[in-house]
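6 protein chains.
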Amino acid sequence: MKDFKGIGHYRVGDQVDHYLLIKSSVKGVASNGKPFLTLILQDKSGDIEAKLWDASSDDEESFDAQQIIKVKGDVTNYRGRNQLRIKTIRLATDMDQVKVSDFVESAPLEINEIMEKITQYVFEMRNPNIQRITRHLVKKHQNEFLTFPAATKNHHEFVSGLSYHVVSMLDIAKSLSNLYPSLDTDLLYGGIILHDLGKVVELSGSIAASYTNEGKLLGHISIMVNEIGQAAKELEIDGEEVMLLQHLILSHHGKAEWGSPKPPMIREAEILHMIDNIDAKMNMLDRALDKVEPGEFTDRVFALDNRSFYKPQMETVKKES
Amino acid sequence: MKDFKGIGHYRVGDQVDHYLLIKSSVKGVASNGKPFLTLILQDKSGDIEAKLWDASSDDEESFDAQQIIKVKGDVTNYRGRNQLRIKTIRLATDMDQVKVSDFVESAPLEINEIMEKITQYVFEMRNPNIQRITRHLVKKHQNEFLTFPAATKNHHEFVSGLSYHVVSMLDIAKSLSNLYPSLDTDLLYGGIILHDLGKVVELSGSIAASYTNEGKLLGHISIMVNEIGQAAKELEIDGEEVMLLQHLILSHHGKAEWGSPKPPMIREAEILHMIDNIDAKMNMLDRALDKVEPGEFTDRVFALDNRSFYKPQMETVKKES
Amino acid sequence: MKDFKGIGHYRVGDQVDHYLLIKSSVKGVASNGKPFLTLILQDKSGDIEAKLWDASSDDEESFDAQQIIKVKGDVTNYRGRNQLRIKTIRLATDMDQVKVSDFVESAPLEINEIMEKITQYVFEMRNPNIQRITRHLVKKHQNEFLTFPAATKNHHEFVSGLSYHVVSMLDIAKSLSNLYPSLDTDLLYGGIILHDLGKVVELSGSIAASYTNEGKLLGHISIMVNEIGQAAKELEIDGEEVMLLQHLILSHHGKAEWGSPKPPMIREAEILHMIDNIDAKMNMLDRALDKVEPGEFTDRVFALDNRSFYKPQMETVKKES
Amino acid sequence: MKDFKGIGHYRVGDQVDHYLLIKSSVKGVASNGKPFLTLILQDKSGDIEAKLWDASSDDEESFDAQQIIKVKGDVTNYRGRNQLRIKTIRLATDMDQVKVSDFVESAPLEINEIMEKITQYVFEMRNPNIQRITRHLVKKHQNEFLTFPAATKNHHEFVSGLSYHVVSMLDIAKSLSNLYPSLDTDLLYGGIILHDLGKVVELSGSIAASYTNEGKLLGHISIMVNEIGQAAKELEIDGEEVMLLQHLILSHHGKAEWGSPKPPMIREAEILHMIDNIDAKMNMLDRALDKVEPGEFTDRVFALDNRSFYKPQMETVKKES
Amino acid sequence: MKDFKGIGHYRVGDQVDHYLLIKSSVKGVASNGKPFLTLILQDKSGDIEAKLWDASSDDEESFDAQQIIKVKGDVTNYRGRNQLRIKTIRLATDMDQVKVSDFVESAPLEINEIMEKITQYVFEMRNPNIQRITRHLVKKHQNEFLTFPAATKNHHEFVSGLSYHVVSMLDIAKSLSNLYPSLDTDLLYGGIILHDLGKVVELSGSIAASYTNEGKLLGHISIMVNEIGQAAKELEIDGEEVMLLQHLILSHHGKAEWGSPKPPMIREAEILHMIDNIDAKMNMLDRALDKVEPGEFTDRVFALDNRSFYKPQMETVKKES
Amino acid sequence: MKDFKGIGHYRVGDQVDHYLLIKSSVKGVASNGKPFLTLILQDKSGDIEAKLWDASSDDEESFDAQQIIKVKGDVTNYRGRNQLRIKTIRLATDMDQVKVSDFVESAPLEINEIMEKITQYVFEMRNPNIQRITRHLVKKHQNEFLTFPAATKNHHEFVSGLSYHVVSMLDIAKSLSNLYPSLDTDLLYGGIILHDLGKVVELSGSIAASYTNEGKLLGHISIMVNEIGQAAKELEIDGEEVMLLQHLILSHHGKAEWGSPKPPMIREAEILHMIDNIDAKMNMLDRALDKVEPGEFTDRVFALDNRSFYKPQMETVKKES
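Chains as they are written, first to last, in the UniProt record's numbering: chain B, 1 to 321; chain R, 1 to 321; chain Z, 1 to 321; chain W, 1 to 321; chain X, 1 to 321; chain V, 1 to 321.
Everything labelled a hint here was simulated from the structure, so no lab data went into it.
Note that the structure is a prediction, hence the values are computed from the model and not measured.
Treat the hints loosely; a few may be bogus.
[To be verified] To spell it out: a stretch of chain V is covered by chain W in this simulated footprint if at least three of its residues, at any positions, have a beta carbon under 8 Å from a beta carbon of chain W; those stretches are:
no., stretch
1, 19-28
2, 213-222
[Said to hold, decoys possible] Pair ranges (Cβ atoms, derived):
no., chain 1, residue 1, chain 2, residue 2, range
3, X, K174, V, S308, 52 to 60 Å
4, R, Q313, X, K174, 41 to 49 Å
5, V, V12, W, Q15, 38 to 46 Å
6, X, Q142, R, N306, 51 to 59 Å
7, B, R126, V, Q15, 34 to 42 Å
8, V, K139, B, E296, 34 to 42 Å
9, R, L235, V, S308, 31 to 39 Å
10, V, L109, W, N306, 35 to 43 Å
11, B, E296, X, G205, 17 to 25 Å
12, W, V12, X, Q142, 48 to 56 Å
[Said to hold, decoys possible] Within a straight-line C-alpha distance of at most 25 Å, the following computed DSS-like cross-link-like pairs (lysine-lysine) qualify:
no., chain 1, residue 1, chain 2, residue 2
13, X, K255, V, K216
14, Z, K255, R, K281
15, B, K255, V, K34
16, Z, K311, R, K255
17, V, K216, B, K281
18, V, K216, W, K281
19, Z, K281, Z, K117
20, X, K34, W, K255
21, B, K281, V, K174
22, X, K34, B, K70
23, R, K23, R, K34
All C-beta atoms, glycine included, are put in the ideal place defined by N, C-alpha and C.
Isolated chain B, as found in the complex:
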């Protein structure tokens, strides 16, 4: 058996003998009339569908979402996608010494590192209005901000994805500000930190997140625009900065048809939208290309206009640093 790089890297014909986390479990009835379970099993590298045929009622109860199991089986192909044919399966016990966080992808930075970086950016702000509003809202939602994903799918859909995405964007913003000194960094940093913070209300949690009713009916943009208004009121801040921060949130999707009621109308709003794009796309590209060999094309990536991408064969010569 090959070295275990994670279930996301398995290919048809590989043998599986690992601990995996049950992401979801749905009951079905087979064509022979017997019940079966469709399990989605995951580790940090990805997930795979598995069928447990002739499932007893005990099985149904045991093999539920969020449980860790030990499973043996083969990877097969079903309608062009990998599927795990289960040979044996059992629940993990305390003896196995595995825990949920071992199977859930999370940001490459630790939470306290993320928080430290954001705190530093806030600390460097010179404009007191922007600084106070930003600090107030980060503090208010700090726990969720540091653990929520940035989305339910597509990009940064992992634990702490939201705040990690913010940190990456801040770093890009900093380097672009050096090249374009006309940018107001206070406004830009403030906008970046707050731009997706409404997702802590829009989404249901840090793992296997779905949309809340409020998320569906109002959306994270309107939610955060409101929060900025209320923060300003509570902090008794009244300057143009409130309106500008709200505009940055409102316009960060770039166009009406992408969900922004106003397009960017100030320099920092335009650049924020582009930075958001760059970081989201680089994240998606890296993850898609990570799964293929040089000379191959990736699967189509829906959020990148359904394109598939080529991984060059020529060797990248890295500079010594």
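Start from chain B and add chains R, Z, W, X and V according to the hints.
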């Protein structure tokens, strides 16, 4: 000289000898190097462009926007549009006994009648949360609500246009609710009354309105969603109604590409959008058709997909009531 | 077993023991090589897919479309949709005292009530040309008009849906005409009554309707425009009304890309299109929302831009009448 | 003075001394307060705008549309377009021996040649139903068919343009039928002959045509679909051919958004649409390229997606025939 | 058993007992845990899916792509598409005297006939630059040009489809040039011959072609534009013809959104695009209509805007030649 | 007279008394029949239209494009745009000691600085194939590369705009590569340097550039893809790098509808497109915002989706460095 139906109904060759309001006045320099004024002159029926050639500096000062003048001249055609060739022009004086409101179109209902109707609709609400929020916000912005236009152009762009449009929509909502009893009238009436109320911040005033900076950067939708949130906070209201009213405002343009960050997702939001459309379109149609004779087509109406409309020749037989 | 609200309201795990109508029956071959039947079973509340495994040739013959059967089984989930796992199934007999119309949805009004209402609207017309053409065409297609659905899916897809939709639209038109007295009610009522009448040629029948060849190649719009032309010729009517009625039919889909060769160019055409929309959408919304509990979202409704809709939890306080 | 190739070929600086036809005459008032006339003057090669300054009332009366005048002047440039500066102008008299048809472009074939070719195509039809309907409708509208333009602008907008366009299309259809023997030539020829025949009702006449009310409200497609229906009724023809011919007319614009309520659904409808396109585009291209020298680009042609076209410099070597 | 018209014409219930070619073979695992093969079996008339249940490892090895097999079974319906239920299957042997080319569709003309026709068109060119470049590139890629398909699907996706498509287009071009003498036939013929020649690099081979990496990353348009540039360099040709030929290749998809970086800007480019369209569409239409009976509609054809087409019932009366 | 900030900053009413460069000069004829000149006068800050009335033939000859003049006059408003009313005008002489380059905007970096930076980036490449192709093509077009603008309008439309834009993009690429180490900098830098180099053929020169015929018919993308192919051939380079560089050029407009025949399909192509966007947009934003005061909106910027942008009033607090 024909009976004065208003400047909007004049045709090429007609003689003008009337009081008119100067809507705008812009200085230019003619091809002979002499200054001239381009005046837009209006009364309740419409407006006309006029050129005042060889304008002295006195003229420039006198014939400014918001002044009433007495003018004689001929209606001519310039590049397909009516233009008034001025023969004589003078400022109106107190002796002339004319006032600005004589020349400005306003809603067919008096302000107190409008207020009375809206009050009645609010009064009939059974849901206390919706009733209190609606009443609070109407009261907060009452003066502007009752005098502002509904838009700077296209439809209901006259004094009290905003509140008059709301009253018409409420009447349609009432009759549709009788036909579709599944509608929640409290929610629907509340949504209608508040849907465009953000325009009192988005626009600059009741006459010759333009967009404020806040209007341009945030828009009346986000402004009002915020106000509802703040009203709920002040009134200590916490139910689902707050979110539903906010959703009605957010979605009343119907689609992302028309400026709504969320499409309608509840029954009342969908119907509110359609009622808004009906009243705006009927207003535009009536005004366009009012200017042509039976058997003719109107000018193209930009906000109606740039269509022109036909006025039938067959006689409409009205029922005796 | 819970009180039988109809198959459309069943959920996974429910037991079924009812009479149902076979909507369609298609033969397949299972992965074990044995034939099976895929049945769509319906009652007035909706339908459900069922698999009959190991079907004999007798079964194939017996369990054909339009037959009523008595079935026992469980509701299971297959790929996200309900499926009935059949335990026992038999054809209904005369003894069971059930008939096809018990299982087919139809309009909430009786046919004679519908006819009476339409007759009344025609009777009130003052313009003899419009009245005669309308009466002539209603009479010519009366049977089909009163029993056909308004569409094969999406909205009013039930027995008498076509004429019931017309009656609802007439009622809306009447109330809007009171609010907008500039509308010519004769033209508007005539247009409403005739607007979809071409569907009696476009569709194949009143139950399980499909498109005829003529329907596919010409469409109900062109079919009815022709019929109006021919009616006018037979009745020796020659006024502008013929062209206007034809225009109302031609333009009632609103835009070229929605199948109207001409957009609405008269006031009544514009309002007819909007009324058509309101009634179709309210019908779809009510049916979708009827299937979910307060606090839930409906399935996506394809014909409503694929949106799903939320059913509020707050209680609607109905006025006493 | 250069050899007179026609006003459409003149360039800035050229001297004009010719007979021209007044296409339209519109009165204006100059910035010095004096009346002037804006004349559009044409010959077969194109047209030019001219200003007649200080026009007397006599001038206004004399220099009206459809009059032939003798004019001297210079071609100048005004806002990027040619304009004729008039030095002298007078009405042509009988002595001048010029007539309107000298100045109006017409098809390269004589009317009787066109009619002969169409008659031959009809004669060769084998299907009696298609032949009789086609012949009936050609005969009914023969005069207008042979003199009307194919459009008010864009392509074949000259006397007999409609029937000349049909003849060109028939010739293409014939050669394509030899290459694709699966095509039914009777249906295709019938469809081509009738496809735009509704324009004899849609347009106002053979010279300076505009749209009639019926043309605007119904369109030539619906008009002709009706006429085919009525012809079939009068001739007591009942076969599938009636529906197929109507479908060819309905679908000949190719897509809903181009005004066809149904897209082509039979082979001959698809090819008819493409032949129509080819002939219209070749006509527009030839006319645009005819006005420029090798190595130049034409003006943008609106109906060809606003493209401009290059005229190659390399010599075309023509084969000896 | 009915006369064998080919697998593409079979209907549910038909018995199969024939030689067929395995187009592709994919292994799966059934719900009972046993492996099976999904085979696509083809002959010249089309293809059909087949399942081989309980496949042994021997089966997997034997029944691979490009093998010819003898199979018996029934045509059944699975999710609306035909599927072959295999009763017996074996590999064909030499004794069976069948060869791959018996099962692969190819152009209706022999390769040498195609080459002869193209050679004749090249021979007739008068412009030496165009002639030399065209001849050079045809010669360079002759083998692939004569055997490759024109596409991997949609139209002319058969052996020699590429060159056969070119011959058809040349014939259309010739007949159109007679009707529109302004066309430069040398340029047009050269453009047609080269327009898709880049596909010999874009695609992988003549049978079961897929896209090469170069094909995906550069596309046949850029590949051929480069080749023309290089050919001109090698042949030391320097005239405008090089640029014009390159423009014809660049623009032959007609619009940017269809993959042409430049739209057609010379007459011959515009007509080339239209001829390409006609031949591709006629090919798709004939193939789709060939599979249905008169009075029926075809399946939806994706590349024809997803339309389905009607096959008329009326008899086509063919002229005696 | 206020301090001369350049003609682009003048407002209505300002007095002008300066040297300016004639950008273009077009002759017209005034309504009084006398000739006049329309001059576009420019300096580094922008340009202004001026009318020279009653122009003699001497004037026409003297005041031609590329001449420097001394002019006195007033800034007036004509149809919403600034216009200069000329009082006196004369040609500059040697005595005036002014030269063309004083009036033409150019990049903020000197040519030798630009060249040095690009040379450094090429020098640092590790991949010899990419390095050699890049160096070869930069050398081949060095003069034009260093002086041409990046476009004829919209962004970087000044002397050396093309190479300056490249340098800015390289700097962004460098900082992003630090944040995203998966990027291949050799490929990315090579692609950036070459991406717009085809403009040296597409455009006519470094000042007042227009499109060449080759530019219009082939475009800078196809031109450069060809040049890379030829460079590789000359340098006898054969690796995957050639295809990858060509793909980067082909795809740098991002989408087919924006002129890229292939969308980005490798990581570096995607990021190159985004970097191009950022630099172009920042350039346009800075120039538009530079012309307005805090609290104002800019004119609409066509290439930025026709948006206008707001310049905040709040003070930007710059960090001490």
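Right, here's what the structure says about each hint:
no. : hint                         : result
1   : 19-28                        : holds (count 3)
2   : 213-222                      : holds (count 3)
3   : X:K174 to V:S308: 52 to 60 Å : holds (55 Å)
4   : R:Q313 to X:K174: 41 to 49 Å : violated (55 Å)
5   : V:V12 to W:Q15: 38 to 46 Å   : holds (41 Å)
6   : X:Q142 to R:N306: 51 to 59 Å : holds (55 Å)
7   : B:R126 to V:Q15: 34 to 42 Å  : holds (40 Å)
8   : V:K139 to B:E296: 34 to 42 Å : holds (35 Å)
9   : R:L235 to V:S308: 31 to 39 Å : holds (38 Å)
10  : V:L109 to W:N306: 35 to 43 Å : holds (38 Å)
11  : B:E296 to X:G205: 17 to 25 Å : holds (19 Å)
12  : W:V12 to X:Q142: 48 to 56 Å  : holds (53 Å)
13  : X:K255 to V:K216             : holds (15 Å)
14  : Z:K255 to R:K281             : holds (15 Å)
15  : B:K255 to V:K34              : violated (50 Å)
16  : Z:K311 to R:K255             : holds (20 Å)
17  : V:K216 to B:K281             : violated (33 Å)
18  : V:K216 to W:K281             : holds (21 Å)
19  : Z:K281 to Z:K117             : holds (22 Å)
20  : X:K34 to W:K255              : violated (50 Å)
21  : B:K281 to V:K174             : holds (18 Å)
22  : X:K34 to B:K70               : holds (23 Å)
23  : R:K23 to R:K34               : holds (23 Å)
Hints 4, 15, 17, 20, counting from the list given before, are not met by this structure.
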